[in-house]
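**Q** With the hints as constraints, model all of the structure from the sequences given.
So in my numbering the end of the sequence shown lands on 443, straight run, no missing numbers.
Any given hint could turn out to be false.
[To be verified] Have a look at the derived ranges for each label pair, beta carbon to beta carbon: (1) I333 with R435: 28 to 38 Å; (2) S299 with H403: 18 to 28 Å; (3) E327 with D369: 14 to 24 Å; (4) A297 with E401: 39 to 49 Å; (5) V434 with R330: 24 to 34 Å; (6) D399 with P319: 14 to 24 Å.
[To be verified] Only pairs whose alpha carbons sit at most 20 Å apart, straight line, appear in this in silico DMTMM-like list of lysine to aspartate or glutamate: (7) K394 with E372; (8) K394 with E432; (9) K394 with E375; (10) K394 with D306; (11) K394 with E371; (12) K394 with E366; (13) K394 with E430; (14) K394 with E305; (15) K394 with D369; (16) K394 with D428; (17) K394 with D320.
Calculated from the structure, these hints are not laboratory results.
Note that CB positions come from ideal geometry on N, CA and C, so glycine has one too.
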Amino acid sequence: MFSTMTTIDGDATALSDRTAVEDLVRGFFSAFTSGPDVAARLDELRRIMIPGATVVRTCGMPVEVYDVESFIAPRLALLTGGEVTDFEEWPEPGRVEIFGDIAQWWGAYGKRWRVDGELHTGRGMKTMSFVRTAEGWRISSAAWDDERESVRRAVRASAG
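**A** Take a look at the structure:
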C-alpha cells in the first residue's frame, strides 16, 4: 500500500514517522466501512485530524470543502441509513514524503458498495497532509478526486 517514502531531511526517526503517517492513512480509510462500529470509526477521525482540518472533494463537480464535523455527519448517515450497504474504501499504492514536522501521502484508493443489492465500484486518487503535534502526527487536510470518463488512473503493470 505504501510503495515509496522520501525523507527529505534524513531524520533518524524517519521510520517511526513513516509508520505513524501510514497508520493515520489506514485509520482514515477504515472509517469508511459500513457495519458494526461505524460510528466509533468515524468518531476516530476527530482524534486523528487536527481541529480546523479540511477535507476537499472535487470529482468533476463544484469543489466542496468540509471541516471535520461537516465531513463526518453525511458519511455517518450514508453508512448507517440502510440504502448503501457493504461500503468499503481502502488505500492502494501510495507515496509518503516527510520533512521535519510536515508530511504528505499521495496515493490511489478503491471503494465498493451495494445499493439495492447491486455491486458498485470506484477508484480515484487522494492526497493527505500531516503535521506533527504535541500529541503526535495528525491529519491537517485531505483531498480526493474519483475516476470518471474524462479522468482515469494509470494502471501500472506489476513486476514479476
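**Q** Out of the numbered hints, which ones does the structure contradict?
**A** As far as the earlier hints go, only 2 is violated by this structure.
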